[in-house]
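*Asks:* What follows is the residue order along each chain.
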Amino acid sequence: MAAPMARRLEALGRGLATPARSWLPGLTQVRWSRYSPRYLEPEVNKEVYRKPLQELSEEEKTQQELKAVQPIKAAPSNVTSSVFSDPVISKFINIMMKGGNKVLARSIMTQTLEAIKRKQIEKYHQASEEERESIECNPYVIFHQALKNCKPIIGLCNIKKGGKTYQVPIALHDNRKRFLAMKWLITECRENKHYRTFMHEKLAQELLQAFNNEGPVVKRKHDMHKMAEANRAYAHYRWL
Amino acid sequence: MLRSMTGLICQWPKLNCRYFLHAGARAWLAVAVNQDAQIPAEKPRVIFRTHESNPANHAQQHEGQHYSIPQQEVKVVFPHGLPNRFQMQAKTFNETCVMVRKPAVELLGYLKSTNFAHPAVRYVIYGEKGTGKTMTLCHAVHYCAKQDWLVLHIPDAHLWVKNCRELMQSSYNQERFDQPLEASAWLKNFKTSNEHFLKEIKTQQRYMWNKRESTEKGRPLSEVVEQVSPEELTLVHNLRKMVMNNWNGGAIVTTLSQTGSLFKPRAAYLPHELLEKEGFDTLDPFIPIQVTNYSQREFESCYQYYLERKWLQHERARTEEGEKELLFLSNSNPGQLERISAYL
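Taken in order, these protein sequences are the chains called A and B.
Taking my numbering, the leading residue of the first sequence gets 1, the next gets one more, and so forth.
Taking my numbering, the leading residue of the second sequence gets 241, the next gets one more, and so forth.
Isolated chain B (complex conformation):
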């Protein structure tokens, strides 16, 4: 019985996936962009904030700068998906600020020029641990949400595969298993981010939940989602179906990470190492996007941002020597820099 589960664990351990379906131009929620991003009065060496909070307008000149996302948008666009430490940081600073970086700008450029008649293009974001892959993904999600795409954001596929508490046999196909807890949690978040789309998409067939309840053909999808009963879902199987690029009208962006992957060494970060031959062949062809450590400018910008938000409290951290030491200790790795400046 558990054979299929273990097979799934070996083959698909490492993807965060999301999918976009362009569903016609329709006005996004009219959210007034909060224009409270200030440029500090004293002259810093590097300007670390930008007023431009629409990701569609982010270009090379904004690289290294932070743009803030209003609280309302964060609740709708990112019910799940932001990294845990970033969520803690957003709560502490009372604002959500994302840095515009080169890989993200590149990815947004590709997404802007997608041809919806062609099959969906697959992008794979890869890089060493702590370099900002999930943040790049979230930047792209924000862009697509602003552009009015339907966003299927699966934050961590490892959570679906590991440590499952409840398994139910699938009624649709006897050989598969459902995970009601993870599926219901994901469905709830999916509903939050795509509410107005769910009213439009109609169900194609009749769904029987149990002997008494059923959803008729042609009813809006929001009714199905509200039921939150995943008897029909087998998460990983459907995930795989969606990653196949035999549909058109959107894009598939995935992130490879070693964190949470099973049986892979910590230093492995290349697609070929993390995805076995089978995974690579399934994803092939894809456009790889590499995320690296901070450049000198980005590091300066991050350092100034932390100083402004009063995150670096140690009196020596404000000196030149402190900055050099932070650069050395973190090796310009964004994740490490965040962890080190947490206790300084």
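Looking at chain A on its own, in the form it has when it is part of the complex:
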């Protein structure tokens, strides 16, 4: 009940179009920034700066003029202007990280990508000409597709009514879907596999299975969908 309520208030806040969003009726801020609302976000993408002046639209021109006068926040250390940076992979690394050990989490991710690539390229070099076209060797494509295959479409929410807690099907935000997919992948590798295998091996195996729409994580997503379908009768509890 609280979750949909908060979302409605946020929509209200966005509708109010306050640039500060520092005060809304009924909401207390728990996450806030030391920067004043005047500060602009930094732009790390080099392509944006290479565009010649004529190609810019009006909005972009005003943005650029604003940048000349307004102060700009410092770029966080996990954001780079590298052409190889991927926000989804960064998010996955952050979720995998334990105790702030980003170095370890990142190295596991790179080893996972390498393991996926090695397996696929070996298969590629040993396959015949017709099969080669169907083998996907790019670990990034495999990662994104696997994540897409693991994302649930509809989620469940605990809603209390009359002393009982019901599992009510609700719509999910994109961020929530992405988070659930990543969380399920990581938990599956940590808990349900042999403890003596390396995390990167387990993850690579899981990702390849999810890419082919098989494996325990996709099964868990299907289970979630089936539960939501089964509890269709309680859908109206969403608006209690």
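To be clear, the hints were calculated from the coordinates, so they are not data collected in a lab.
Predicted, not measured: the structure shown is a model, and the values here were computed from it.
All C-beta atoms in this analysis are idealised placements derived from N, C-alpha and C, irrespective of residue type, glycine included.
Every clue listed holds true.
Covered by chain B, per the in silico footprint, the following chain A stretches (three or more residues, Cβ under 8 Å):
| no. | segment |
| --- | --- |
| 1 | 78-85 |
| 2 | 116-126 |
| 3 | 136-144 |
Fit chain B to the known structure of chain A by using the hints.
*Replies:* Leaving out everything else, chain B in the frame of chain A:
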């Protein structure tokens, strides 16, 4: 008891050594050179492959180009000795391709002009971490194997000195210790690479393995090696004896590396820093060969090779910007470039 072992650890931590004895011209295994090194149809900026797979013919014009070694030769010439990451790469790409580089060509030139009547010349390959010292060594080993030399290839002397699981007191000399596991593994690999020589070299004395078995004088060495019982071997002691240049008819090539060395800082790569005074004096005089990072041309060649083998999969890696970024991230260091392109 362990005093001598710790003494050995301090003094001889860092050499990969091999020795060559020229044993007369005899036909190598007649291996048909696999002529499948293709030059790609589209015009690359730099030609990164060469058809020349005999290291004897590698010259300055082949610098920066990759030559491939057929699978059969790899199994015989390199039962051990190739770096781990390179072995994984060879397995993934389904071929073993080595880049011809300037230090290797220089070393091969010296080896070609060795005078077998003179005492063995010592060469020391040194350089920063990841620059390709072990690969240069392997290139030279391939050359010598093709030239029909007897090759004693010890891939990593650190493995013999560190983390030993079993130690047995030597029966030959009571003060020394044997390492049966490492010695037997090395002997097996030595047998694979030099099989036909072992039939020729005869044993000089009688070896008693235990009360019942013994090898008589004059029997071929292959029988001794097949026994694989290293009661007579004390690895490091004999290694040191072989590095002394008081014998003639071959060459000694060693590689200095900081990886695996004990109590040395990571940035140390010069012979004087890595070998203490005692080690330096034992190896002195030697011919130093320095291995550096890739030049612009070599980097281009490596990059094109990875592209051709479909190793660089990221779509941005194929662009100009991606190449510049790889150059920057790896600083043209071959080891770093390999590790970075592994996950891209």
